[in-house]
Structure formats: C-alpha cells, structure tokens
Amino acid sequence: MVSILEVQDLTKYYGTQLAVDRTSFSIESGEIFGFLGPNGAGKTTTINMLTGLARPTTGKIYYFGQDYTQNIKKAQHLMGIVPDESNLYPELSGFENLCFCGALYGLKKKERESRAKDLLEVFGLSDAMDKKFSAYSRGMKRRLTIAAGIIHKPPILFLDEPTTGIDVASARHIRRLLLEMNKNGTTIFLTTHYIEEAERLCHRVAFIVEGRIIKIDHIDNLLHPVKDRNILLLTLSKIEDGIETRLSAILPEIRCVRTSDNEIKIESIRPLRVAQIIRILEENNIEVIEARRMTPSLEDVFVDVTGIEAETMKKEKEKKEGQG
Amino acid sequence: MNKLIAFFVIFLKDIKTYYLKPPNISWGIIFPFAWAGMFFIRTGGNTLDVLSILPGIMAISILFGTTSMLSVTITFEKKNKTFDRVLLSPVPLTLIMFAKTSGAILFGMANAFVPFVAAGFFVSLSQIQLHILIPAIILISIASTFMGLFIATSVSEVFEAQTFSNFFRFPMIFLCGLFFPISKLPLILKPLSYILPLTYGVDIMRGVINNQMVLTYTIDFTILFLFCAGLFVVSLYNVKKKWVL
Chain S
2 MVSILEVQDL TKYYGTQLAV DRTSFSIESG EIFGFLGPNG AGKTTTINML TGLARPTTGK
62 IYYFGQDYTQ NIKKAQHLMG IVPDESNLYP ELSGFENLCF CGALYGLKKK ERESRAKDLL
122 EVFGLSDAMD KKFSAYSRGM KRRLTIAAGI IHKPPILFLD EPTTGIDVAS ARHIRRLLLE
182 MNKNGTTIFL TTHYIEEAER LCHRVAFIVE GRIIKIDHID NLLHPVKDRN ILLLTLSKIE
242 DGIETRLSAI LPEIRCVRTS DNEIKIESIR PLRVAQIIRI LEENNIEVIE ARRMTPSLED
302 VFVDVTGIEA ETMKKEKEKK EGQG
Chain A
655 MNKLIAFFVI FLKDIKTYYL KPPNISWGII FPFAWAGMFF IRTGGNTLDV LSILPGIMAI
715 SILFGTTSML SVTITFEKKN KTFDRVLLSP VPLTLIMFAK TSGAILFGMA NAFVPFVAAG
775 FFVSLSQIQL HILIPAIILI SIASTFMGLF IATSVSEVFE AQTFSNFFRF PMIFLCGLFF
835 PISKLPLILK PLSYILPLTY GVDIMRGVIN NQMVLTYTID FTILFLFCAG LFVVSLYNVK
895 KKWVL
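First to last, the sequence lines map onto chains S and A.
When we follow the working numbering, the leftmost residue of the first sequence carries the number 2, and every step to the right adds one.
When we follow the working numbering, the leftmost residue of the second sequence carries the number 655, and every step to the right adds one.
Simulated from the structure, these hints should not be mistaken for laboratory data.
Heads up, some of the hints might be wrong.
Cross-link-like lysine-lysine pairs, in silico, DSSO-like; alpha carbons within 30 Å at most [as the list claims (entries may be wrong)]: (1) A:Lys670 to S:Lys110; (2) S:Lys154 to A:Lys670; (3) A:Lys675 to A:Lys657; (4) A:Lys670 to S:Lys74; (5) S:Lys109 to A:Lys838; (6) A:Lys675 to S:Lys132; (7) A:Lys733 to S:Lys75; (8) S:Lys109 to S:Lys75; (9) A:Lys735 to S:Lys75; (10) S:Lys75 to A:Lys894; (11) A:Lys735 to S:Lys133; (12) A:Lys735 to S:Lys132.
Computed from a prediction, not measured in an experiment: that's the story for all the values here.
Given the sequences, and given the hints that come with them, work out the whole structure.
Shown next as structure tokens:
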C-alpha cells in the first residue's frame, strides 16, 4: 500500500543552525500520527517543510508515492493546514472566512457556501457565523481555523499544536472533532507537547527532540515496556534535597524522581509498599498530603526515552506563550 | 478555471476589506484636491494653470494611493499570518501576487481619474488623447503598485513599510520632473531621475496633456514596462526567499 505521506532524511538548517536532522517517517491513510516533543524540537519546522512554508535543506517528501520535494505547491490541494496560531482574517465573519478559504481551493460559490454552513454547524459555530473573526473567543477561533483547513475535504490534515492556549472545554471539543474527522476518513498529522493528548488521539507517535526522531511506534507498542510498572505519585508538605536518593537507598527496587516543587514519583516493577514509603518520609519529617496510584502512560515512556519531564515541556510552552 | 476563482476572491476580498473603506475613499478624493489647492494658492488661482499641474497631481495621486495601501496591507497580512493562508493554498505564487496587486492598481487608477474629472470642470480636456493617457495611467499604477509590493516584500514590520515607502516617494516627487524640470536639476541628481519609474510616467502625461516631452512615448512606455516587470520579478524572488524559508 502506498503511504499518504513519506518523508526521507528530511533535514533543515537555518544558516548554520540545525533545526531538523535526517527525519524519516511515513503516514498511512486513515491514521492519526503525532509528533511529540518540547519547544524547539523541530515540530513546526517539519510541518512547514511538509506544507510548503519552508524549504528542506536535504531529504525527500512524497505524497501518494510521488516526489513533491521541489514543488510542494503542486501537492497543496491534498492538504489541509491548521497552524499553531489562527490565521484567518479578523475583519471577515466566520462564514466569509470559510468561503474565502474554500475559494482558494477552487470551490464554486454554491459549493463553498453550502460547505461553510455545514462546517459551521458541525463545529458549533452557526450562531456566530456572521460575527467578525476578531470577536471570536480563542476556542472558537481555533475551531473555525480547523474548519477552514478541511473545507476542501483534504485527504491529509496537518495540525500544529491544535489545543494549545485554549480552555479545557474547547480542547475537549476539538479532540472529539478530530476523532470524528478521522473516523470519516481524514488522515491527521498533528504536533503537540501535550503527551496525554497524543496518547488519547494518535495511533502512532514520534518523539522528536533537538530535530531528531528518537522513537516512533504505535501507542500500544510504546506502552508495552511500561505496562507492568507500578507508579505512585506523592504530594508532600515539603521536599528536602536528596530525599529521592535516600528513598532509593532504603528501597533499591524503586526509582524516585521529583516531578514538581512538592511532588515525587515513585516507580517500580515490583508491587509498591506504600505504607513503608510513607513511614520513611514521615521519619524524615515530611508529611504525605496525598498518595495516588497511577496507570503507566505515554508520559512514562516519553520520560524514559527522552529524559524530559512532561511538566518541563508544559512550563516551557506556557513561558513561550506568555512571552508571545 | 479553479485558479481564477481564487484570483477573483482574493481580489474582491482586498477591494472590500481595504480599498472600499471610507478612510481610503476619502483619501482618494481629498488627496488630489489638497495638492491642487496647494498649487492654486501658489499660482494665485489662475485656471490656465490647471493643465500644467494636472499631470503631476495625477501621478502623485497614483503613487501615494498605491504604495501606501499595498505596502502596508501586505506587510500587515504577513505579520498577522493571514498571508500564509494564501501562500499555503494551491494557487501559484505569481497569481497570488497579481491578485493582491490588482486591487491597488485599480485604486491607483481611480485616484488618477479624480483630479482628471475635476479638471474637466475648469478647462476643456477635449484635446487630450485618451488612448495614450489611459494606458499611461494603467502602467503608472502598475509600476507604483509593484513598487509597493517590492517595499512590502523587503520589510517585516508595518512601520518599516511606511518609512521605506516615504524613503522612495518623497525624493521621487522632486526628482521625476513634477516640480522642477529634469533639465534644470543639478548634474549629480540627473542620473537619479532616470532610474525612477515615475519620471517616465510623468513624461508621458506631460506629452499627452501639455504637449511637452523630454523623451518619446515609445521610450517612456518601454522603460515603464521594464520597471513593472523588474519590480514584480524581484518581489516574487523576495517572497520565495524570505517568506518560504
């Protein structure tokens, strides 16, 4: 079977700075494929190369088996693109924006108007169709931008950080819509720094760090090595320096890491003796406020493989958004 | 055919969003009258001078109308990323740029006709050869618009576009023969006059309206056309190089 998208040794330099380093992967029709990595990992640069906003330094890009590396423009009718920042016209209404985008793909007036109305309904924006885009909330803007990306019914949809910076309800709505779109046959390539989002949505995921893909596989395969792991998340009154080392010295079968200012995560392949752990902490004058058993997740795999804590990724992103 | 749909929708969107806005319409009307008023005051309001100032006012109206609008709107769209939406569509880049500039070209032409029509109330314009004047207005509008495009593709901030536009426009007003005949300019400035597209546009209009030309229609039209082509090619190159990284 021919892949909908195949990328071979894609490399991008900005001047002397390496942004993407010999990236190779393929996406099959009907798949949701996720690119997961921290800020500056090369996720957006990769999407930009695949969609025509950046030129690869070396490497090949194939859509449906045909090489479009030198002329991505000719493949742009195959893709829907939803960038990380909504890029619709603030002075046009939601309906006008969708019609405009439909026209860019050659849809005739009647067709684009009917499609725009359908999409506004599916995306829960019918009531705001005549409102100017500038008056939309962030969540509504995001939904309309996704609708604009699929108005021409592309076989593959690229989404760059689709739920970043929007409220929880809108993020959930968008995730549900993406799953529905995929169910209806749209192949989806998305980048995210939310590990749980990748786990919930994607069939396959690639971990990308410093421009290189360091792991790529189906979610089930990725989770396999950690599925028997016992995880305990402890919220503490305070954390003393070196407490992780002391715990690990007393209980050599555990691995203990600090996940935030007042949280530690304890992992072991053997059953965890929670009472003993709590007693050790209390002997060190540390009160345990909350203890939660966790199911192993993609986050554990990500941390194992990349050494980057999920919390660090979120904070980095929030910091970047705050600056921007 | 499909590409033409995109062309017209981009063109119509720009007309509606930018050029038909009341501030721009009033600019198009007030600007030439302000210049005309300035000249009238300077010459004591003698109606015989209408024909002598008409080429200059028409040329300035086109130049300011087109460069102000296009350089700012494209820079603004690039800045807020709406231009990327068009760049990421399957519409060829050349067609996108033609669509984006067509509105400004029409706006420039409309700006030129405001003083022309107004002049008709004061003097007879029957001797003017419209078959030369109209192509000249079209070509000056295209050249000025493409100058705006060149500015837009050379900067990244809206304020830079405005500064860069003025850097081009104001010297051009004084060097293209509008106020001072090129023959009377200091020797060191004369070559500068001949590298400005407006010089050739003004020369054509002076020929048509006042029967005074420095060059010939053939030379003026050819050089203006070459300016248009050159500015467009350089702008396309800038977009490919700077915006598709």
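Hint-by-hint comparison with the structure:
1. Pair hint A:Lys670 plus S:Lys110 holds up; C-alpha atoms about 17 Å apart against a cutoff of 30 Å.
2. Annotation: proposed proximity of S:Lys154 to A:Lys670 holds, straight-line Cα distance about 27 Å (limit 30 Å).
3. Only pairs whose Cα atoms come within 30 Å are accepted, and A:Lys675 paired with A:Lys657 is accepted, the gap being roughly 27 Å.
4. The hinted pair formed by A:Lys670 and S:Lys74 meets the criterion: a straight-line CA distance of about 27 Å does not exceed 30 Å.
5. A distance of roughly 57 Å separates the Cα atoms of S:Lys109 and A:Lys838; the hinted pair therefore is violated under the 30 Å criterion.
6. Distance restraint check for A:Lys675 and S:Lys132: the Cα-Cα separation of roughly 19 Å lies within the 30 Å cut-off, and the hinted pair is therefore satisfied.
7. Distance hint between A:Lys733 and S:Lys75 is fulfilled; the C-alpha atoms sit about 25 Å from each other, no more than 30 Å.
8. Restraint check for S:Lys109 and S:Lys75: the C-alpha separation of about 20 Å stays at or below 30 Å, so the hint holds.
9. A distance of roughly 21 Å separates the Cα atoms of A:Lys735 and S:Lys75; the hinted pair therefore holds under the 30 Å criterion.
10. Of the supplied pair hints, the one linking S:Lys75 and A:Lys894 holds, its CA atoms being roughly 15 Å apart against a limit of 30 Å.
11. The suggested pairing of A:Lys735 with S:Lys133 holds, with an alpha-carbon distance near 17 Å, which does not exceed 30 Å.
12. A threshold of 30 Å between alpha carbons decides the hint, and for A:Lys735 with S:Lys132 the separation of about 20 Å falls inside it, so the pair holds.
Violated hint: 5 only; the structure is consistent with all others.
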